[in-house]
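Enquirer: Sequence:
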Amino acid sequence: MARLVCLNCGHEERVPMHCGREMVYVLKGNFRKYEYLRCQVCGYEVTVPLHCSIPMLYTDEDYLPISALSKSEIEEMKKIYGG
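Letter by letter, the sequence shown follows residues 1 to 83 of UniProt numbering.
Do not rely on the hints blindly, as some may be mistaken.
[What the hints assert, rightly or not] With a straight-line Cα cutoff of 25 Å, these simulated SDA-like cross-link-like pairs (lysine to any residue) come out:
#1 Lys28 with Val46
#2 Lys28 with Met77
#3 Lys79 with His51
#4 Lys78 with Ala68
#5 Lys78 with Asn8
#6 Lys71 with Leu7
#7 Lys71 with Ser53
#8 Lys33 with Glu75
#9 Lys71 with Tyr81
#10 Lys33 with His51
#11 Lys78 with His18
#12 Lys79 with Cys42
#13 Lys28 with Lys79
#14 Lys33 with Tyr81
#15 Lys28 with Cys39
#16 Lys79 with Ala68
#17 Lys33 with Ile66
#18 Lys78 with Cys42
#19 Lys71 with Pro49
#20 Lys78 with Glu35
#21 Lys33 with Gly43
#22 Lys79 with Met17
#23 Lys78 with Pro55
#24 Lys79 with Asp62
#25 Lys28 with Ile66
#26 Lys28 with His18
#27 Lys33 with Ser72
#28 Lys28 with Cys42
[Claimed, not checked] The following label-pair restraints were derived from C-beta to C-beta distances:
#29 Arg14 with Tyr34: 27 to 33 Å
#30 Val41 with Gly82: 15 to 21 Å
#31 Arg32 with Glu75: 16 to 22 Å
#32 Cys19 with Ser67: 33 to 39 Å
#33 Val41 with Glu73: 35 to 41 Å
Derived from the structure by calculation, the hints contain no laboratory data. Note that this is a predicted model, so its numbers are computed, not measured. Where a beta carbon is used, it is the ideal one built from N, C-alpha and C, also for glycine.
All chains, full assembly: derive it from the sequences and hints.
Expert: Listed below in structure tokens is the structure:
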């Protein structure tokens with residue numbers, strides 16, 4: 001079962017449901033990629049939610065597939081996403 005994880009504080013949320021099914025992760029864009037969650041049934045899209053002013057990480061693994069971010073990396077992400 002997929003989940004959304006905050007890279008700053010570790011907060012976890014379940015992936016939203018739509019039309020009775022879990023939404024799937026989608027990347028869009030040519031140069032600047034944008035992360036979305038899409039309904040497999042009707043195609044409804046919503047941007048990946050923010051937590052601690054940075055986008056949450058979508059993962060369907062039991063572990064986090066990346067190492068913890070440094071304080072400077074978190075601050076840089078907050079600047080980019082307006083936090």
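Enquirer: Does each hint fit the structure? Answer for all of them.
Expert: Each hint tested on the structure:
1. Distance restraint check for Lys28 and Val46: the Cα-Cα separation of roughly 12 Å lies within the 25 Å cut-off, and the hinted pair is therefore satisfied.
2. This hinted pair checks out: Lys28 and Met77 have alpha carbons roughly 19 Å apart, not beyond 25 Å.
3. At most 25 Å may separate the alpha-carbon atoms for a hinted pair to count; Lys79 and His51 meet this at roughly 14 Å.
4. About 15 Å separates the Cα atoms of Lys78 and Ala68, which keeps this hinted pair within 25 Å; it holds.
5. Between Lys78 and Asn8, the direct Cα distance comes to roughly 10 Å. Compliance with the 25 Å bound is thereby established for this hinted pair.
6. Pair hint Lys71 plus Leu7 holds up; C-alpha atoms about 11 Å apart against a cutoff of 25 Å.
7. Between the alpha carbons of Lys71 and Ser53 the distance comes to roughly 14 Å, so the proposed pair stays at or under 25 Å and holds.
8. For a cut-off of 25 Å, the pair hint linking Lys33 to Glu75 stands: about 20 Å separates their Cα positions.
9. Distance restraint check for Lys71 and Tyr81: the Cα-Cα separation of roughly 16 Å lies within the 25 Å cut-off, and the hinted pair is therefore satisfied.
10. Proposed proximity of Lys33 and His51 is supported: the alpha carbons are some 19 Å apart, at most 25 Å.
11. Of the supplied pair hints, the one linking Lys78 and His18 is violated, its CA atoms being roughly 29 Å apart against a limit of 25 Å.
12. For the suggested pair Lys79 and Cys42, the alpha carbons sit about 34 Å apart, so the restraint of at most 25 Å is broken.
13. Only pairs whose Cα atoms come within 25 Å are accepted, and Lys28 paired with Lys79 is accepted, the gap being roughly 21 Å.
14. Among the hinted pairs, Lys33 with Tyr81 is consistent with the structure: their alpha-carbon atoms are about 13 Å apart, no more than 25 Å.
15. Proposed proximity of Lys28 and Cys39 is supported: the alpha carbons are some 15 Å apart, at most 25 Å.
16. For a cut-off of 25 Å, the pair hint linking Lys79 to Ala68 stands: about 18 Å separates their Cα positions.
17. Between Lys33 and Ile66 the alpha-carbon distance is near 19 Å, which keeps this suggested pair within the 25 Å criterion.
18. The suggested pairing of Lys78 with Cys42 is violated, with an alpha-carbon distance near 32 Å, which exceeds 25 Å.
19. Distance check on the hinted pair: Lys71 and Pro49 sit about 21 Å apart at the alpha-carbon level, within 25 Å; holds.
20. At most 25 Å may separate the alpha-carbon atoms for a hinted pair to count; Lys78 and Glu35 meet this at roughly 16 Å.
21. For the hint linking Lys33 to Gly43, the alpha-carbon distance of about 19 Å falls within 25 Å, and the restraint holds.
22. With a C-alpha separation of about 30 Å, the suggested pairing of Lys79 with Met17 is violated against the 25 Å cut-off.
23. In summary, the hint linking Lys78 to Pro55 is supported, as the alpha carbons are separated by about 9 Å, within the 25 Å threshold.
24. Restraint check for Lys79 and Asp62: the C-alpha separation of about 30 Å exceeds 25 Å, so the hint is violated.
25. Simply put, Lys28 and Ile66 have alpha-carbon atoms about 21 Å apart, close enough for the 25 Å limit, and the pair holds.
26. For the suggested pair Lys28 and His18, the alpha carbons sit about 20 Å apart, so the restraint of at most 25 Å is met.
27. With a C-alpha separation of about 22 Å, the suggested pair Lys33 and Ser72 falls inside the 25 Å cut-off, and the hint holds.
28. Between Lys28 and Cys42 the CA atoms are separated by roughly 17 Å; this keeps the pair inside 25 Å, and the hint holds.
29. Taking 27 to 33 Å as the suggested C-beta distance range, the pair Arg14 and Tyr34 does not conform, at roughly 22 Å.
30. Here the CB-CB span from Val41 to Gly82 is close to 32 Å, at odds with the stated 15 to 21 Å.
31. Range check, Arg32 to Glu75: Cβ separation about 20 Å, and the 16 to 22 Å hint holds.
32. The hinted range of 33 to 39 Å is satisfied by Cys19 and Ser67, whose Cβ atoms lie roughly 35 Å apart.
33. Distance hint check: the CB atoms of Val41 and Glu73 are about 36 Å apart, consistent with the given range 35 to 41 Å.
In summary, the structure is inconsistent with hints 11, 12, 18, 22, 24, 29 and 30 from the numbered list given earlier, while agreeing with the others.
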